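Visitor: Residue numbers (our numbering): 1 to 272.
Because the hints were derived from the structure by calculation, they are not lab data.
Some hints here could point you the wrong way.
Said to hold, decoys possible - Computed beta-carbon distance windows for the label pairs:
id: 1; residue 1: Ala22; residue 2: Ala240; range: 25 to 33 Å
id: 2; residue 1: Gly57; residue 2: Pro104; range: 42 to 50 Å
id: 3; residue 1: Arg231; residue 2: Gly149; range: 49 to 57 Å
To be verified - As a list, the in silico PhoX-like pairs of lysine-lysine whose alpha-carbon atoms are at most 20 Å apart:
id: 4; residue 1: Lys232; residue 2: Lys37
id: 5; residue 1: Lys3; residue 2: Lys32
id: 6; residue 1: Lys37; residue 2: Lys3
id: 7; residue 1: Lys15; residue 2: Lys247
id: 8; residue 1: Lys37; residue 2: Lys247
id: 9; residue 1: Lys269; residue 2: Lys32
id: 10; residue 1: Lys3; residue 2: Lys269
id: 11; residue 1: Lys174; residue 2: Lys163
id: 12; residue 1: Lys232; residue 2: Lys247
id: 13; residue 1: Lys269; residue 2: Lys247
id: 14; residue 1: Lys3; residue 2: Lys232
All figures in this text were calculated on a predicted structure; none of them were measured in a lab.
Glycine included, each C-beta is placed from N, C-alpha and C at the ideal position.
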Amino acid sequence: MYKMIVSDLDESLLKDDGSVSARDLETIARLKRQGIKFVPNTGRGFASVQRLLDDLGTRGEAGQYVISYNGGAVVDNAHNEIVLAKPLPFEVADQIFQLAMAHPDYCAHVYTFHHVYVTRPNPVELGYLANRQVAFTEFHASDLQDFAGRDIAKVIFQHPEMKMREALRDEVAKTIDYQPTVSFSSNRYVEFNPAGIDKGDAAIALGARIGIAPDEIIALGDNSNDLSMIRKVGLGVAVANAIPAVKEAAGLVLDVTNNEDPVTALATKLRL
């Protein structure tokens with residue numbers, strides 16, 4: 001029997017307008033009454049998903065959780081208490097940031113464990129952040145010295161072309177003597193997390209903390225940063241709009257996209 005669903009947000013649970021469908025909210029509430037936990041497992045910071053937790057009915061509730069920063073932090077909703085965390089070494093974050101900022105076309109996001117900082121946001125990116133209700137502080141710098149002494153969860157870079165995102169990944173790999181966890185998300189970002197961090201290990205670690213075995217966990221996702229949880233938990237589930245690699249790794253591929261009540265489709269398919 002499944003006891004926990006961990007779900008990616010953008011392009012998985014959330015519709016293109018950034019909301020959760022009314023049917024999925026009803027389904028999630030029903031599953032919660034049955035004792036099945038529903039845990040957002042996202043690249044976002046936990047502070048930016050508080051409105052979503054309001055919709056899910058888990059904001060501020062003890063024993064309900066969020067996995068943030070692609071597995072970099074596990075947070076208890078009761079007091080937004082970080083119960084598991086691993087930061088990106090500052091020197092590494094600074095090196096990656098400086099490499100990216102040497103190119104004029106990247107927009108950068110720096111995630112501390114409590115806030116998001118953005119430099120060079122273009123109009124399209126500003127619209128995307130507004131749609132996702134992400135609160136951020138804009139800053140202007142060619143390095144991260146202003147962040148020295150602060151824990152950095154991850155750094156990510158937005159560019160509309162995949163070849164440019166891949167080029168930055170390759171440049172970091174050739175230049176920096178550290179192997180960050182690299183993933184691509186939302187068809188717009190290349191993300192650099194601490195080595196060894198992924199959504200799958202975080203889901204399993206949370207399960208171990210609360211007495212849920214890996215084979216009792218379902219993971220729902222769509223993109224490459226979801227692959228680890230799709231592969232590592234009991235049942236990996238892909239939405240119909242998922243990239244081919246996620247569909248290939250999933251034990252179940254839904255017939256519906258993120259815009260068509262994916263959690264309800266999942267629950268119906270599995271008779272939850």
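Visitor: Each hint should be assessed against the structure and marked as holding or not.
Guide: Right, here's what the structure says about each hint:
1. Ala22 <-> Ala240: 25 to 33 Å: violated (20 Å)
2. Gly57 <-> Pro104: 42 to 50 Å: Because 44 Å falls inside the window, the suggested range holds.
3. Arg231 <-> Gly149: 49 to 57 Å: Violated, since arginine 231 and glycine 149 (Cβ atoms, about 36 Å apart) do not stay within the stated range.
4. Lys232 <-> Lys37: It holds: about 18 Å lies between the C-alpha atoms, which stays within 20 Å.
5. Lys3 <-> Lys32: holds (10 Å)
6. Lys37 <-> Lys3: Holds, at roughly 6 Å.
7. Lys15 <-> Lys247: holds (19 Å)
8. Lys37 <-> Lys247: violated (24 Å)
9. Lys269 <-> Lys32: holds (18 Å)
10. Lys3 <-> Lys269: holds (16 Å)
11. Lys174 <-> Lys163: holds (16 Å)
12. Lys232 <-> Lys247: Distance of about 14 Å is within 20 Å: holds.
13. Lys269 <-> Lys247: holds (16 Å)
14. Lys3 <-> Lys232: holds (15 Å)
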